[in-house]
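Peer 1: Going line by line, the protein sequences match chains A and B.
Under our numbering, the residues of the first sequence are numbered 327 to 526, in order.
Under our numbering, the residues of the second sequence are numbered 327 to 526, in order.
Honestly, the hints are just simulated from the structure, not real lab data.
Hints are supplied without guarantee of correctness; some may be wrong.
[Unchecked claim] Partial list, computed: chain A residues near chain B (C-beta under 10 Å):
{"hint": "1", "residue": "Arg433"}
{"hint": "2", "residue": "Leu479"}
{"hint": "3", "residue": "Ala523"}
{"hint": "4", "residue": "Ile525"}
[Stated by the list, open to error] For lysine to aspartate or glutamate, the following EDC-like pairs were computed, each having C-alpha atoms within a straight-line distance of at most 16 Å:
{"hint": "5", "chain 1": "A", "residue 1": "Lys368", "chain 2": "A", "residue 2": "Asp508"}
{"hint": "6", "chain 1": "B", "residue 1": "Lys382", "chain 2": "A", "residue 2": "Glu485"}
{"hint": "7", "chain 1": "A", "residue 1": "Lys392", "chain 2": "A", "residue 2": "Glu502"}
{"hint": "8", "chain 1": "A", "residue 1": "Lys392", "chain 2": "B", "residue 2": "Glu485"}
{"hint": "9", "chain 1": "A", "residue 1": "Lys488", "chain 2": "A", "residue 2": "Glu502"}
{"hint": "10", "chain 1": "B", "residue 1": "Lys383", "chain 2": "A", "residue 2": "Asp443"}
{"hint": "11", "chain 1": "B", "residue 1": "Lys488", "chain 2": "B", "residue 2": "Asp508"}
{"hint": "12", "chain 1": "A", "residue 1": "Lys382", "chain 2": "B", "residue 2": "Glu485"}
{"hint": "13", "chain 1": "B", "residue 1": "Lys392", "chain 2": "A", "residue 2": "Glu502"}
{"hint": "14", "chain 1": "A", "residue 1": "Lys397", "chain 2": "B", "residue 2": "Glu485"}
{"hint": "15", "chain 1": "A", "residue 1": "Lys383", "chain 2": "B", "residue 2": "Glu502"}
[What the hints assert, rightly or not] These stretches of chain A come out as covered by chain B in the derived footprint (C-beta under 8 Å, 3 or more residues):
{"hint": "16", "segment": "345-359"}
{"hint": "17", "segment": "435-447"}
{"hint": "18", "segment": "458-467"}
{"hint": "19", "segment": "508-522"}
For every residue, glycine included, the Cβ atom is placed at its ideal position computed from N, Cα and C.
Protein chains: 2
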Amino acid sequence: MEFWFDYASIYSYPAVMRVHRECALFEQNLVWKPFLLGPFFKSVGFENAPFVVNEKKGAYVWIDIKRECAKYGLTWNKPSHFPRNSVLAARVALVGIAEGWIEPFSREIMQRNFAQDRNIGAREEMIAALEALKLPAIEILHRASATETKALLRSNTEEAMKKGIFGAPMFISRGEMFWGNDKLVDALQFAKCGQLAPID
Amino acid sequence: MEFWFDYASIYSYPAVMRVHRECALFEQNLVWKPFLLGPFFKSVGFENAPFVVNEKKGAYVWIDIKRECAKYGLTWNKPSHFPRNSVLAARVALVGIAEGWIEPFSREIMQRNFAQDRNIGAREEMIAALEALKLPAIEILHRASATETKALLRSNTEEAMKKGIFGAPMFISRGEMFWGNDKLVDALQFAKCGQLAPID
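Please work from the sequences and hints to get the whole structure.
Peer 2: Written out as structure tokens, the structure is:
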């Protein structure tokens, strides 16, 4: 199953925190796909996330995500700035995929953004996050800013656009999109069985 | 629990088909709140439903609703026209609430719109729907077009706007909004216990 997410995206937070374990329960392989939502929003004429543009939906989202986090036992603190710049985190994530620490890194960044209200876009905050994971921060930042890493993130984002991805988190199972944290289990069931279990 | 819905809204279809039984399971009282989404979309500058405006999201929705209907054992046929005019159905629904046949009526209309591809906005189709339910169609249509009924629908729609409702179906439990068919069980759990059951 492909897991498309953006570190700036609210509902990508519970998805990142749940995805590894749920994949294990369904015995499905997990393909991490960090990308940037910003270019998509701009391409459809939004200046920002739809629920920043749409005030009423925005008000709802902050209530809903708080309830959802409580449901999954996750700490939630509304970020004082939203959305945060997630370019650096996404580039570091690509290094993490290559080096095998993408899961703990993603959890760390999401918790910093949505539980600890820290600016994940700042270089010094990224160093602190990597050091908290006992990773060689400076070395990794160097790799994250390499031309190939930047190109890979652009290519992920272009792939997302081409696939028709319009939001995050997005799960892709057997070529079908499942949108939103609410749909994680459906996506895994579909990956495993090719259909959703009927609900009585 | 309040159940806000529009007969033109895709995800209101599975919600209408499920809501009565789920409320019974949770021992919750159901307050039917038909309203019109159109005026809300216009108020935020959309000319149509957001997924008609946003092409990629639109493409996704038609795949997702098909899967969702299969999951709940509901027949689905993509309507040849979308969205259909739901003003007449909403007015008749208000008569149905007063007279106690809102549930079978709502199921009938949703199935006609989303399983049988019939134009629920046409007077002759409404007559056929009411007659299928063995209801006095002409009498009901007369009541549905009364000044008070029209005013009541406008007042429902204004109430929805004032409450911050931005989509359908919307469930309101203890003053909190739960958006989408996916959230029906959460809304009922919240209505019953004042919190969501934690997911391990």
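Peer 1: If any of the earlier hints don't hold here, list their numbers in rising order.
Peer 2: Violated hints (numbers, rising): 1, 2, 5, 7, 8, 10, 11, 14, 16, 17, 18; every other hint is consistent with the structure.
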